[in-house]
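On the provided structure of chain A, position chain B as indicated by the hints.
Just so you know, the protein sequences line up as chains A and B, in that order. So in the numbering used here, spot 299 of the first sequence is number 299, and the numbers just go up one at a time. So in the numbering used here, spot 157 of the second sequence is number 157, and the numbers just go up one at a time.
Don't read these hints as lab results, they were simulated from the structure. By construction, the Cβ of each residue, glycine as well, lies at the ideal position given by its N, Cα and C atoms. Any given hint might turn out to be false.
Claimed, not checked - Listed next, the stretches of chain B that the computed footprint assigns to chain A, with coverage defined by at least 3 CB atoms under 8 Å from CB atoms of chain A: (1) 21–34; (2) 105–119.
Stated by the list, open to error - Listed next, with one range per pair, are the computed distances between beta-carbon atoms: (3) C255/A x G101/B: 53 to 63 Å; (4) R66/A x R17/B: 18 to 28 Å; (5) S93/B x E190/A: 51 to 61 Å.
Claimed, not checked - One-sided and incomplete, this derived list gives chain B residues near chain A with beta-carbon spacing under 10 Å: (6) A16; (7) E18; (8) T55; (9) D98; (10) G101; (11) G102.
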Amino acid sequence: MPPGSPLAPAVLCEGLERTFGSVHAVAGVDLRVPAGEIYGFLGPNGAGKSTLVRMLCTLLRPTAGRAVVAGHDVVSAPQQVRLRIGAALQDAALDELQTGRELLRLQGRLYGLRRSEVDQRLDEVLGLVDIGDAIDRRIGTYSGGMKRRLDLAAALVHNPEVLFLDEPTTGLDPVSRALVWQEVRRLNSELGMTIFLTTQYLEEADQLADRVGIISEGKLVAEGSPTELKRSIGDDLIVARVEGDAGAAARAVECLSGVHHVHVEEDKVSVRSRDGSETISRVAVALNKGGFRVRSLTLRTPTLDDVFLELTGAHIERPES
Amino acid sequence: MEARRPRPPARPQVRAREAGFLRDLASVAGRALRQIPREPESIVPAVIVPTFFYTVNLGSLQKVAQAQTGVDYKAFLLPLSIVFAVTGVSRASALVTDIRGGYFDRLCMSPVSRLSLLLGLMVADFALVMALTVPVLVLGFAVGVRFATGPLGVLVFVLVAASWGLVYTGFPYAIALKTGNPAAVNTSFVLFFPFAFLTDGFVPKAALTGWLSAIATYNPVTYLLGGLRSILMSGWAALPLAKALAAVAGIGVVSISLSLLALRGRINRGA
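Pulled out of the complex, with its shape left as it was, chain A reads as follows (with noise of 0.2 Å):
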């Protein structure tokens, strides 16, 4: 398929390895991203995210396998890939010493734009990332969620086909948080702009993707839309937090008819039913008779985080966070 067809995808994966020494940081990865899309990429800290995106972005040579990109391999023509993407990797990297159109003015000019381009895309992503005034300020005097904004901008000034996003708002408060979900909807809905997005975050994939990839341990684990994925587990979950011995009242419930299966993670016991709302009733009763203490009793839907602990026995993000 010819680069730039409307039907090659954005980013292809396959067998994709990196190792550094013994580690598997990237075991085989074998994904496909169609133009036009947001793809969520999910996993805890450690399970390859970032070392993926900095293959498919020519800063770290594949150990196996085969990325391409906006219809070019990152190895073999690292350079029309470059042309070709923008991203903005974990840690806002910018010159500090700078001023905000300093740095996309001398972005601009790297990517071989004329002066007129680079007023005309400076008015654009000035438009889609609102920085405001600070845009003639030292970076250094930026907050944090500014910081990340000119990121964004600097990532969007080439105008570029696919856009990477390693952990857009990790570290943010939930204002910039929500700005930057906003300025990465528009990227999608007004210019079509292919987003390959990493978060630890659960609401964040949840949110924003078209399409969910779960990593763990390097290796793409499950994916599919958020709904998909979490339809996946088909069960509601009964989630009871009990004082004293979470085991015992385990199972007291998992003999109850309509169980599924039954997880305990310290003090709570996670039950998961076909119908929720009728085996609430029942979960309620067996604990009370076996005199167990329960401090709240909830009924929910899976989350991504559910799929994950499904799929690998272990959850992407504490619960707390």
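Using the frame of chain A, we list chain B on its own:
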């Protein structure tokens, strides 16, 4: 798979392309030059140290040296002061900041010529070290030093000295690119001492003790100083000037090669 948006609308016409080596070089150098006045702490020592050195040494040694050797010590000491001004001034620390902060990665994700990422900084350094010769020269003129070769001699003098300053930057850049460590970059200053002091910079070679004279014979800075002194004190002479340029070129081959190898290593670190 959910296809929930119509794709894609008409895109703006601006398209990225390679800017070309010279434009990349100008962009990188321009950024480096903009940074310099915003980080005055990085150049203040380079202004103060050589002028202080020249003033103090002139004050303390001029009478003795002139009585013993018969040379015009004000002129004799000026080349070494100029070498102090131009040696070790570079954007290597700023490069380390870029590497550690991720900005170097941002540059490497762009189609910028990799060579220009280093040479652009060196272009800025060359302009800076030329400027740093001015305070010392002004001080020299103020105390009565005059060039035997006239205004053209002043220009050649500055260019040769700045060329030395330029090739010396290869060492700190090599360390910066190899280690990405600010403390390691600072250690490159240690190299400055043997280069600057194991020479005939303070007194003519004939007045040096035997061991120092022997070492000075193999120190390229001895020949650099000889060339600069000839322009300043003797008039146009091909041989000392050629030796000075050869010394600069010799060190340049080593230092620039090291820095280019370190650049290649940094860029291919993922390979």
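* To do: If any of the earlier hints don't hold here, list their numbers in rising order.
  => Of the numbered hints given earlier, those the structure breaks are 5 and 8, listed in rising order.
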